[in-house]
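Asks: Work out the full structure: start from the sequences and follow the hints.
Residue numbers (the numbering used here): 1 to 197.
Don't read these hints as lab results, they were simulated from the structure. For clarity, every value in this text was computed on a predicted model and none was experimentally measured. Yeah, the Cβ is synthetic: ideal placement off N, Cα and C, and Gly gets one too. Check before you lean on any hint, since a few could be wrong.
What follows is a set of in silico ranges between Cβ atoms, one per label pair, in the way DEER data are often shown [stated by the list, open to error]:
1) Met-1 - Ile-22: 29 to 35 Å
2) Lys-18 - Ile-136: 23 to 29 Å
3) His-118 - Glu-187: 24 to 30 Å
4) Thr-5 - Asn-34: 35 to 41 Å
5) Ile-106 - Pro-172: 18 to 24 Å
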Amino acid sequence: MTLVTKKAPDFTAPAIMKNGEIIENFNLKTFIKNKNAIIFFWPLNFTFVCPTEIIIFNKKYEKLKKRQTKIIGISCDSIYSHQTWRSLPLEKGGIGKIKYPIISDIKKNIINMYEIEHPEKGIALRASFIIDKHGIIRHETINDLQFGRNIDDIIRIIDAIQYYEKHGEVCPAQWKKGDKGIKQTQEDISKYLSENF
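Replies: Right, dumping it as structure tokens:
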């Protein structure tokens, strides 16, 4: 079952924040405060694909901030595992100082709310959810454990959401920021297809 078009399930859980502070009552709705957000889940700390995604999200932090988009990372590890991993430099297998909150879902409540628990391993699948400023999930992707995400495509979807909100035009296949959209009329789609295909 997809969560797209539905209100993002709210949660309160322990988190380690940008400044390294641990808080016990991080709340999704309070943190987002009417902005776009990306929630992404990874299977386990100290693994292989996971740090590459966490670090790339960190490198894209400023790009997403300019788009009024917050990032929240979640796994089933304890908050102390998150803290240890975050305290290690990259050359020692750590993830370094991450600029966004990392949530501990050790009880697996959140992965069950978002319906992304691996059926055999009991950990999170590699799932991402884009939430708009109204709290609605507009996009989700779920990968099996072996395959990393394309963070640039997640940013492209955020650009598409913002383009649609601003112009009321839909975004065709391969659309990227700077491209034209399509008015939702037969005339405009016919024109677009004849000019582009």
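Asks: Could you run down the list of hints and mark each one as holding or not?
Replies: Cross-check of the supplied hints:
1. Remark: the range hint 29 to 35 Å for Met-1 to Ile-22 is upheld by a beta-carbon distance near 33 Å.
2. Between Lys-18 and Ile-136 the beta carbons are some 26 Å apart, a value that agrees with the proposed interval 23 to 29 Å.
3. Between His-118 and Glu-187, the C-beta spacing of about 47 Å breaks the proposed range 24 to 30 Å.
4. One distance hint, 35 to 41 Å for the beta-carbon pair Thr-5 and Asn-34, is violated here, with the actual separation near 19 Å.
5. A C-beta distance of roughly 42 Å is found between Ile-106 and Pro-172, which places it outside the suggested range of 18 to 24 Å.
The structure fails hints 3, 4 and 5 (numbered hints given earlier, in ascending order).
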